[in-house]
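Below are the chains, spelled out letter by letter.
Protein chains: 2
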Amino acid sequence: MANQRVVVIGGGPAGLRAATTVAELGRPVVLVEQRGFLGGTPIAERYASMTPYLEDPEAALGAMASHLASLPDVEILLSSEVRSCSGDAPAFSLEVEVAGQSRSVEAGAIVLATGFQHFDPGRETQMYGYYEYPDVVALQDLESMLKDGNVVRPSNGEPPGRICFIQCVGSRDRQIGNEYCSKVCCGVASKEAIEVRQALPDSEVFIFYIDMRMYGYWESQIYWPAQEKHHVQYVKGIVSEVLPRDGRLLVRGEDTTMGRPMEIPMDLVVLSVGMEPSPGTRAMAKLLGVAQNKYGFVEAARPPLDTVGTNRPGIFAAGAALGPADLEDCASTGGLAGARAVASLATAAVTSG
Amino acid sequence: MANQRVVVIGGGPAGLRAATTVAELGRPVVLVEQRGFLGGTPIAERYASMTPYLEDPEAALGAMASHLASLPDVEILLSSEVRSCSGDAPAFSLEVEVAGQSRSVEAGAIVLATGFQHFDPGRETQMYGYYEYPDVVALQDLESMLKDGNVVRPSNGEPPGRICFIQCVGSRDRQIGNEYCSKVCCGVASKEAIEVRQALPDSEVFIFYIDMRMYGYWESQIYWPAQEKHHVQYVKGIVSEVLPRDGRLLVRGEDTTMGRPMEIPMDLVVLSVGMEPSPGTRAMAKLLGVAQNKYGFVEAARPPLDTVGTNRPGIFAAGAALGPADLEDCASTGGLAGARAVASLATAAVTSG
Chain A
1 MANQRVVVIG GGPAGLRAAT TVAELGRPVV LVEQRGFLGG TPIAERYASM TPYLEDPEAA
61 LGAMASHLAS LPDVEILLSS EVRSCSGDAP AFSLEVEVAG QSRSVEAGAI VLATGFQHFD
121 PGRETQMYGY YEYPDVVALQ DLESMLKDGN VVRPSNGEPP GRICFIQCVG SRDRQIGNEY
181 CSKVCCGVAS KEAIEVRQAL PDSEVFIFYI DMRMYGYWES QIYWPAQEKH HVQYVKGIVS
241 EVLPRDGRLL VRGEDTTMGR PMEIPMDLVV LSVGMEPSPG TRAMAKLLGV AQNKYGFVEA
301 ARPPLDTVGT NRPGIFAAGA ALGPADLEDC ASTGGLAGAR AVASLATAAV TSG
Chain B
1001 MANQRVVVIG GGPAGLRAAT TVAELGRPVV LVEQRGFLGG TPIAERYASM TPYLEDPEAA
1061 LGAMASHLAS LPDVEILLSS EVRSCSGDAP AFSLEVEVAG QSRSVEAGAI VLATGFQHFD
1121 PGRETQMYGY YEYPDVVALQ DLESMLKDGN VVRPSNGEPP GRICFIQCVG SRDRQIGNEY
1181 CSKVCCGVAS KEAIEVRQAL PDSEVFIFYI DMRMYGYWES QIYWPAQEKH HVQYVKGIVS
1241 EVLPRDGRLL VRGEDTTMGR PMEIPMDLVV LSVGMEPSPG TRAMAKLLGV AQNKYGFVEA
1301 ARPPLDTVGT NRPGIFAAGA ALGPADLEDC ASTGGLAGAR AVASLATAAV TSG
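Just so you know, the protein sequences line up as chains A and B, in that order. Under our numbering, residues 1 to 353 are what the first sequence spells out, in order. Under our numbering, residues 1001 to 1353 are what the second sequence spells out, in order.
None of these hints come from the bench; they were simulated from the model. Keep in mind that a hint or two might mislead.
Straight-line distance between alpha carbons at most 30 Å, and here's what the computed DSSO-like set of lysine-lysine pairs gives [as the list claims (entries may be wrong)]: (1) B:1229 to A:229; (2) A:294 to B:1229; (3) B:1236 to B:1147; (4) A:147 to A:229; (5) B:1236 to B:1286; (6) A:236 to B:1236; (7) A:229 to B:1294; (8) A:236 to B:1147; (9) A:147 to A:236.
From just these sequences and the hints, can you work out the full model?
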């Protein structure tokens, strides 16, 4: 008889949805989360609001976590990490370190939902000066400022008059090896641009982009209102460097629509950093023996009609562990992964029964 | 005691995944499909291959359908339509017309997966001449030609020397009321462009676009190879009209990168038509009393963390019935919807027990 428990690794949006799905389907689930809290990157990085509907992530993800905790046979292990995994489907044996103590967990199936990390703009994109100039920040830094209701120039604590976003930092970039598009940055930057314009009505906000990837409803939910209602100024152009000049930042590059060089002084520069696999995604994929693509994300074995199966039976992946994903992708793949995990137990029971 | 059966309406990629999920979770499922076959629009419209991995849709969707049919307690009703629905969760009573005969089906939950239709480029986009000039075709027409290995100018049966795609036909267009981006057309057009270049190595292929929305891995899977390996020529520009000229088609518009008007003779013009709700989606949403957005797609009640719940308990939606969706979206939301449907039965059983 197969072990009927599912272990979900990662307690962000995808992991929460996966664990909730398992529990709602009546199977025991153990959620292993490395951090001391649930909710994942939106909570850890202090996002002000979620794209595109602007809900408070603490409220929305907190409600999901409370609902999960209220279901029968749910165990949530915080500050915990999977240290080893042996066996095969449907009989995996995991060793989990829970607050410094080692503990054995038997599982019939595993869902890997270990997410992404923001691209570090210090590494190979020094021309933007993220670690040199205090008024160059990243998307998640501005989220945090918006959350605190305190959008300022870090250098002097004054509200910025002119702000720009530079898109595709760490994405669509062959030189650094991230050829993929990170999918969400156009939407997230535009959402933040709207929030800045609301917080600082006298500010001017620019977005320098290659293509605005406002797919699906984001076009009408974010992109039209950003331009028409909030007067965010979109400039198709490539920024080649950011330099200090007279106490401000000079953004240099090419306006590709106008076909001419541009030099614009800014008070705050926001780097729209892309998604990379989190250290947890890299480590857990390796530990579980799950195939990764060349970027380090988990490789879906049979896309597009199966988005969550991996090369190992009984192990499924969800959310940004699989690559760039928006919150809706995380919810949907989380649900499919949870369901597939439960279904794999039933199949195993029939096969072995 | 709640009825334990789930009815899935629609047998395309999302409906197949939803029904498979229900069946794999051990609950009885009835799949109601209006057409005489399963697989949905990729089969009905004779797609040559699926984006981005180029599998044969008949093989891939056929395998899903066979797997579904092999599972216990699965009933597939072809050439069938839901005529009425009464009751509430978890006790819906549906009347289904099966090959002309009326039949009652009791269900505990319903998944709506009735999909999309291609925008009709005759209605408000006459400037492209879809119904006037035989050599103006739509994305799905070219799919069909590619499937037959016969890419020709319909006017004379000769292979085209110069081909262009016009993006955003029926999408991102406020005048016709479709403000949303249809999400998949950039990827699908680029995939077809690659296939044309492979089929006709002497051809020149152009894509006229506003923004190339090659999100996520499509950037490296399709967009880079289209340009570098297959020499597809991307032109950022707006096409204002297509006119007959000396037996060819004159494409007139503005090259927005070069900032100048353009007039290019083409042998074949492909309109990258967007997604609209299918007649089935409009009709079933109305019949089931499920909220629709202003475009007629089913409105998800609690996005982004719940992508498939509707305003009616026990009724879930999946795939392109919810709006523009790629195949991965269809698979993921199909799985979540199937799981939620099954979970809603368990909850109902507990509540009523």
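Results for each hint:
1. B:1229 to A:229: violated, 42 Å
2. A:294 to B:1229: Given pair residue 294 of chain A, residue 1229 of chain B holds - Cα atoms ~20 Å apart, limit 30 Å.
3. B:1236 to B:1147: Satisfied, since the Cα-Cα distance of roughly 29 Å is no more than 30 Å.
4. A:147 to A:229: At roughly 22 Å apart (the allowed maximum being 30 Å), residue 229 of chain A and residue 147 of chain A satisfy the hint.
5. B:1236 to B:1286: Violated: residue 1236 of chain B and residue 1286 of chain B sit about 40 Å apart, past 30 Å.
6. A:236 to B:1236: holds, 11 Å
7. A:229 to B:1294: holds, 20 Å
8. A:236 to B:1147: violated, 37 Å
9. A:147 to A:236: Status holds; Cα separation ~29 Å.
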